[in-house]
Structure formats: C-alpha cells, structure tokens
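Assemble the whole structure, with the sequences as input and the hints as a guide.
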Amino acid sequence: MLRSSQMWFVCLLVAVLHFPSSFCGHVVQLNSQNFDQTLANNKLVFINFYADWCRFSQMIAPVFEQASDLVHEEFPSGVVFGRVDCESEQEIAQRFHITKYPTLKMWRNAQVARREYRGQRSVDAFSKFIKEQMTSRIIEFHALSDLNVDTSKRTIIAYLESKDSDNFKTFEKVAEEFRDDCSFHVGVGDASLKERQTGENIVFRPQHRGAEGEMVYMGDLRNYELMKSWISDKCIPLVREITFENAEELTEEGIPFLLLFHHPDDKQSVDLFKLEVARELVQEKGNINFLIADGLKFSHPLHHLGKGPEDLPLVAIDSFKHMYLLPKFDDIKKPGRLKKFVKDLHSGKLHREFHHGPDPAEQGHEEEEETTETESPEVTGTETETETGQGAETQRTGSGKANSGSGRKEQTSPPETVFKKLAPSYNRYTLLRDEL
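With mature numbering (1 follows the signal peptide of the UniProt record, and there is no 0) applied, the sequence shown covers -24 to -1, 1 to 412.
Since the hints were derived computationally from the structure, they do not count as laboratory data.
Don't take each hint at face value.
Unchecked claim - Lysine-lysine pairs mimicking BS3-like chemistry, simulated, CA-CA at most 25 Å apart:
id, residue 1, residue 2
1, K19, K204
2, K297, K319
3, K261, K304
4, K104, K81
5, K139, K19
6, K170, K145
7, K129, K107
Listed below in structure tokens is the structure:
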C-alpha cells in the first residue's frame, strides 16, 4: 500500500512538472488556439509579450503574476492577465509588431489600445492601472445646467434617450477607446430631452470654445466603425505636444518629427504652426509626426542646434539620424514653404545640400530660401573631420560654406538626432532590432 502511494505521488509530480499548464496563478498562457477567444470573452485583457531568455522578461514575470492575483480578487470576471511566449508564438508576435521584450499591451472589448503600457513595473502600478481602466471616464449629467465642460479639453457630448439602447452602448464603447484623448459627457432621458428635439445626437466641442463652436456627428449612432472614425478625427489632433512622458511612445512610431520649439507663454506661434500644418501637410499624416515642444523643457535639442531660449520659436525636423533647422520661423508663412521643407527631407535633398551646398540648378533662385542648416552658421555641429583624397584636403567645420581663399570647401555633418535617444531604453527592454 505504501509503495502504491509512493508511485502515485511520483506520477502526480511528473505530471505537474511536465504538463503544459495554461495558467500561472491567474495569468493565462495565450497561444494561437485561445488568443482571439480570450479577447472576445473578456472586457479587459492585459498581455505580457515576453521571451524566456530575456532578463527583463524574467524579472517582470513574478510581478505580473502577483498583480494578476490581486486584480482577480477585485474583478473575478471580465479582466484577464495573459502572456504570450513570442519565441513559440511568432505569428502572434508579428501580428502585433512586437519589437522588444517585454511589451505590455491592453485590449478592451477585443480592441487593442493604441498606447501600450510604459509605466512602472510593480504590483501596485499594474493593479492601479487596471483599476483605473475599469473605471468609466464618461461623465453623466442629470440636467443641462449640470453640464460642466472643461474648455481646456476636447469634449464629446452625447444626448441620448436611454442607457439600454444600442446607441448608448456604441457611444460607451467608442468613448472608452478614446478615454485619454477627449472628455466624454452624456445625458440620458429627461436630462437631454431639450437637445433631442430632432432626435438623439452627439456633438464635438473644440478646446477653448463654447457651444457656438460645436460640430454635430451626422452618422448612424449604431455604427461603431463610423463613430470611431469621426471621434478619432476630432479627438486626436494633427499636431500633438511632445513631453518627456510620451516621447518614448512617439519615437517608437519610427517616423520623423516636424517640431515647433516655442516658449510656453507663446501661444501665437503654436496657433500659426497648427494652421500651416493643417493647410499644407494633412496628406503627410502617417509619414511624419507634427509636434510642438516646450523650448524651455527641451533645451537640450536647442543646444544641440546651437540655439537657446532667446531664439524661440524655431521649426526643425528630426529624422532620427540628423536634425535640420528651418532658417527663419516666419518662413512658414510663405505659401508652400513648410511643404517644401518636408518634401526635401523625403527626397534626401536636405542632407545632400547640407554636405554639398545648393543643387546647381537651384543655387541662384533659392539662395534666399535655403532649407538646410548651412544657411545658419550657429546651428552647425561641433566635431570636425579631415578627409584627404588626390592630395587635396576637405576640412569639415561649422559653417558648411566654401572658403574660396584657402581653396578648401568647408562642410559639416548635420547635428545628430536628439529624440532618438528618447526611444525605448536598453535598460528596460531587450530590443529585437533598431529601426530608427
């Protein structure tokens, strides 16, 4: 009998050690068989994309598991912590463009959040994040007099008949997706009756505007994709602000920056920059990020360009290899000037002309409108190089202009990128490839 019990225990131990469990605590091991089903069956799914050999993945695993246990106590259903072994589930990793370990992404109602989790990696931080995500951001008003709109934020207001309607459910779903981009308000029943004389409706109120600036959603209130597209267009601005908090996220998008460096008290240059970008560069959305930056907080890029706070406002491009400065801020007022600046980046003209001067065909009539740093000696790099060939020496210095007296052509490399250094750090991630 004793021998039989011992054999049973050994068999049980072997089974436990070798059986590929789908759970680790309350963390679900996701694979191609259960991935989509898990997303579809839960309101919120928080996923750790990892590799066993990655030391950061090894460090985060027990923390992630403890957080899942803690969250499960408060939300026993509807919330799942999952993990994907990207080495064995390469198809899933490629599907969601995983380029570093660990990557933490969240799904809400089977829709992946636009922003991945980049916060602190602790039990408390993970738990707090999920609890916040499970708290609705929609502000309900019970009378029109209670509608208190923060004019500093972009706002969506819904006037609906009932919380039980398909229209409300669609609005709620879209609102949760853009919860970090807009402020959402809703009035149902008698609270919105006065605004529903012609039927249920949703309006967008821009920043710093009152009801007179509202724009009405004209689409089907039950059409999720249509409403999502409309709210995305209203809540995600063409020109965004870069901060130290979102710089990693913006940099990881991997497309160049067109930046306005401005003094925080200078709103006029910001408005002008936004106007000109909207007028000339809408078609470049997705090819380049249009950003405004506080020139006092981002003093290092200015110093790198040879500029200081007294030179603000400034417009520059960071290609993630080099930085290029528009010679004069007022140039953006000239029709087509900002568009040409971006076009010259894409064509390689900015880099080429920095090294070799204006293209011969354009040197005469574009001397006043040179778009590279060679126009502004203060913007040049500090390092010097010497290249020799055929007995002649080319000295790379700061001005980038030919010195006809010495017979040498003075050049420089454009200042190196600064914002690339704000990309995901090797101190937090194992990076699979450097795409920037």
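Hint-by-hint comparison with the structure:
no.: 1; hint: K19 / K204; result: holds (18 Å)
no.: 2; hint: K297 / K319; result: holds (17 Å)
no.: 3; hint: K261 / K304; result: holds (24 Å)
no.: 4; hint: K104 / K81; result: holds (15 Å)
no.: 5; hint: K139 / K19; result: holds (18 Å)
no.: 6; hint: K170 / K145; result: holds (21 Å)
no.: 7; hint: K129 / K107; result: holds (23 Å)
Hint compliance for this structure: every hint is met.
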